[in-house]
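*Asks:* Using the sequences plus the hints, can you model the full thing?
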Amino acid sequence: MYNKRIKILSLFFTVLVLVPSLSSAQEERIPKNEYQIATHPTYPFIDGLRVDVEKRLKNPGNWLMLGLAWHSYYSSYSGGVYWPYLWDISGHHRLSGGMAELTFKHFVGYPRTRFFFLAAGASFSYFVVEYDELNYIPYEEDGLRYFELGEVEIRHNIPKLGGHVSLGFQAPTRSRVFVDGSIGLGYGYSFYDAKKYIPGGSFGFSHGLSRRGFYPTGTFRIGVRLGRL
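Residue numbering for the sequence shown follows the working numbering, starting at 44 and increasing by one per position.
Bear in mind the hints are in silico, worked out from the structure with no lab data behind them.
Glycine included, C-beta positions come from ideal geometry on N, C-alpha and C.
Incorrect hints may have been included.
Simulated DEER-style distance windows between Cβ atoms [what the hints assert, rightly or not]:
#1 Ala163 <-> Asn76: 33 to 43 Å
#2 Val151 <-> Pro259: 16 to 26 Å
#3 Lys101 <-> Val171: 32 to 42 Å
#4 Leu111 <-> Leu272: 47 to 57 Å
#5 Leu111 <-> Pro154: 28 to 38 Å
#6 Arg198 <-> Val220: 36 to 46 Å
#7 Arg198 <-> Tyr232: 13 to 23 Å
#8 Glu183 <-> Tyr86: 46 to 56 Å
*Replies:* Structure (structure tokens):
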């Protein structure tokens, strides 16, 4: 009985000593870098490229992120469907433009935990859409005015404002490379010209260029920590 009590007391004091030691050691091994850069590996599948540059703020659990994205797409075949902008038109069509996003991130429970973060941000994008549309083209012959059916190039200049809130998870690695992802809710308001023809029936889908309203968001990133770890 006496030996059993000794073992219990020894285990108790071992836990009291060991747990704070492990906790402090974990905190010391948390990366102390001030900057990091990340890319979105899914963007090439939608004919785009995005890079995020992040800066740790005075509170080490807070980050400020600047995201820059670029999209360029061209097709000359009929019935092309382009996701996530989801437009379906015939003939030559081209899309190009970019987006800038500023986001604030806060790691919940930092530095004891650094797995989950909350994020909120705003964005501005500007896209140019060009496509061929069948229309009646006027011409004159023998002093008379006629019309013939032909293809006319239409051009849309589409600025768009957006905002989002999200919950994210970052893999708890202490290495130079990190992986994270998030899900959330976004809002977009597009300033497209409603008088112009909108190609296809799905141009206003959740991430569509003409979107005005809420939509779900999601990210997956691979990044590199810069500076001292």
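*Asks:* Next step is simple, just say for each hint if it's right about the structure.
*Replies:* So, going through the hints one by one against the coordinates:
{"no.": "1", "hint": "Ala163 <-> Asn76: 33 to 43 Å", "result": "violated (23 Å)"}
{"no.": "2", "hint": "Val151 <-> Pro259: 16 to 26 Å", "result": "holds (21 Å)"}
{"no.": "3", "hint": "Lys101 <-> Val171: 32 to 42 Å", "result": "holds (40 Å)"}
{"no.": "4", "hint": "Leu111 <-> Leu272: 47 to 57 Å", "result": "violated (25 Å)"}
{"no.": "5", "hint": "Leu111 <-> Pro154: 28 to 38 Å", "result": "holds (29 Å)"}
{"no.": "6", "hint": "Arg198 <-> Val220: 36 to 46 Å", "result": "holds (42 Å)"}
{"no.": "7", "hint": "Arg198 <-> Tyr232: 13 to 23 Å", "result": "holds (21 Å)"}
{"no.": "8", "hint": "Glu183 <-> Tyr86: 46 to 56 Å", "result": "holds (49 Å)"}
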